[in-house]
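As given, the protein sequences belong to chains A and B, one line each in that order. Residue numbering for the first sequence follows this note's numbering, beginning at 12 and increasing consecutively. Residue numbering for the second sequence follows this note's numbering, beginning at 603 and increasing consecutively.
If you're looking for bench data, these hints aren't it; they were derived computationally from the structure. Treat the hints with caution; some may be incorrect.
Heads up, simulated DSSO-like pairs for lysine-lysine below, C-alpha to C-alpha not over 30 Å straight-line [unchecked claim]: (1) B:Lys645 x B:Lys717; (2) A:Lys118 x A:Lys137; (3) A:Lys137 x A:Lys176; (4) A:Lys238 x A:Lys193; (5) A:Lys21 x B:Lys717; (6) B:Lys645 x A:Lys21.
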Amino acid sequence: MRNLINFLIKYNYWLVFLGLELICFVLMFRFNRYQGSVFFTSVNELAASVYETTSSVSSYFNLRSENEKLMDRNIQLQAELAGLKTIVAELGKDTVSLLPSQYQTFKARVINNSINKDDNYITLDKGAEDGIAPDMGVIGAGGVVGIVYLVSENRSLVVSVLNSKASISCKVRGSNYFGNLKWTGGDSKVATLFDMPNHAEVAEGDTIVTSGFSSVFPEGLPVGTVKSVANNNDGLSYIVKVDLSTDFGNISDVRVFRNNMGEEQTNLEETVKGK
Amino acid sequence: MVQTVLFRLLWMVVLVLVQALVLNNVNILGYITPYLYIYIILKADVNESRNSVMLWAFLCGILVDIFSDSPGINAASSVFLAFVRPNVLSLFVSRDALEQGVPSIKTIGIGAFTKYVSVSALLHHSFLVAVSYFSLTSVGEMILRVVLSSVLTVVFILLIDNIRK
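Next up, chain A with everything else stripped away, as it sits in the complex (with noise of 0.2 Å):
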């Protein structure tokens, strides 16, 4: 006993160490929001592992239950997700309809389609009857499409562009030279650029838009990009391999145009060519 008080007065100073220092990490975890967070939170570390552990073996016993809420509620969805599309379906509203009043459209759903052939066409589930006629432009998602070419009442035939009768005036966007786009057979994913003059400035990658000179298309519509350039025979001008943007596999929606001047231009143009 003697030596036990011996050794604590000799060792006095560990006492008043260890007391100092409690009081400062006392003060410390009573002042301090973090190193008390720090403290606290590794003291519940170990109980929230525990739960962890518990909580993920209990959650297996109620994945049947899971699973048919999950069920319910997925089909409760599909229908909802069902009504909504055919609500979106009937409003026409898209970028489409926001082009100069000059133009209409017409929207019209793909019902037969040929990308293998020499010439191409596309039927339409929409005819006469519906304000279509020959010479109207069609467009899809990616692009330009086609060219109406002949209407009954309820339908109509679409030259494609993947057909040797189309020819859709053509520009690069940014400039004004433009060439006729045309579609020599092969791959129904690259059509030809013919008589761009070889002065024009074309790149690979450039984009490639609808010209508007024709009455067929409003100027600026896509049709592709450039993939290359050669020169053409004649020495004057570019023949230009376009990359098309309409993926003619897979079209179903388009949308037809109306030029409402378009006649007139036309009748315009031809009384020069009659004379």
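Use these hints to put chain B onto chain A, whose structure you have.
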């Protein structure tokens, strides 16, 4: 005796004010903050009891804490420094060589004094940084902070001690 206490109190007030008003706002590169107030602990008489120095250190640390809004952190570090100080000092100075009592450049020589101050500063700053981070997630940053701050603290203390002599 009374004179010593008054003198030390005066020093403490000055150092705490300098620490609180100037040095705590020094934050070079976001890491470096010198803790000059440990000077008061380092300059305690060798013959003074550990308990007395620890109490002084506690008082000084609490005052700094009050000004820097960090109750306990500086107090804990300076009590720790006061606790280990005699051992640090005995590493570099033999008891016989130090008769005047107060370690300084004049009494123990510039080399021993620099070592003494550097080791003390490193210990104090390590304790302080460890307690204020209170986790080991950013050890690299902590070491950087300890070393750079210690360098600055040592430079300041050497300058002051040089002027006082």
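To see whether the hints hold, each was checked on the structure:
Distance hint between Lys645 (chain B) and Lys717 (chain B) is fulfilled; the C-alpha atoms sit about 14 Å from each other, no more than 30 Å. The hinted pair formed by Lys118 (chain A) and Lys137 (chain A) meets the criterion: a straight-line CA distance of about 8 Å does not exceed 30 Å. Between Lys137 (chain A) and Lys176 (chain A), the direct Cα distance comes to roughly 22 Å. Compliance with the 30 Å bound is thereby established for this hinted pair. Using a Cα cut-off of 30 Å, the hinted pair Lys238 (chain A) and Lys193 (chain A) holds, with the two alpha carbons roughly 14 Å apart.
Between Lys21 (chain A) and Lys717 (chain B) the alpha-carbon distance is near 29 Å, which keeps this suggested pair within the 30 Å criterion. Note on Lys645 (chain B) and Lys21 (chain A): the hinted pairing holds, with a Cα-Cα distance of about 24 Å set against a maximum of 30 Å.
This entry satisfies every hint, going by the numbered hints stated previously.
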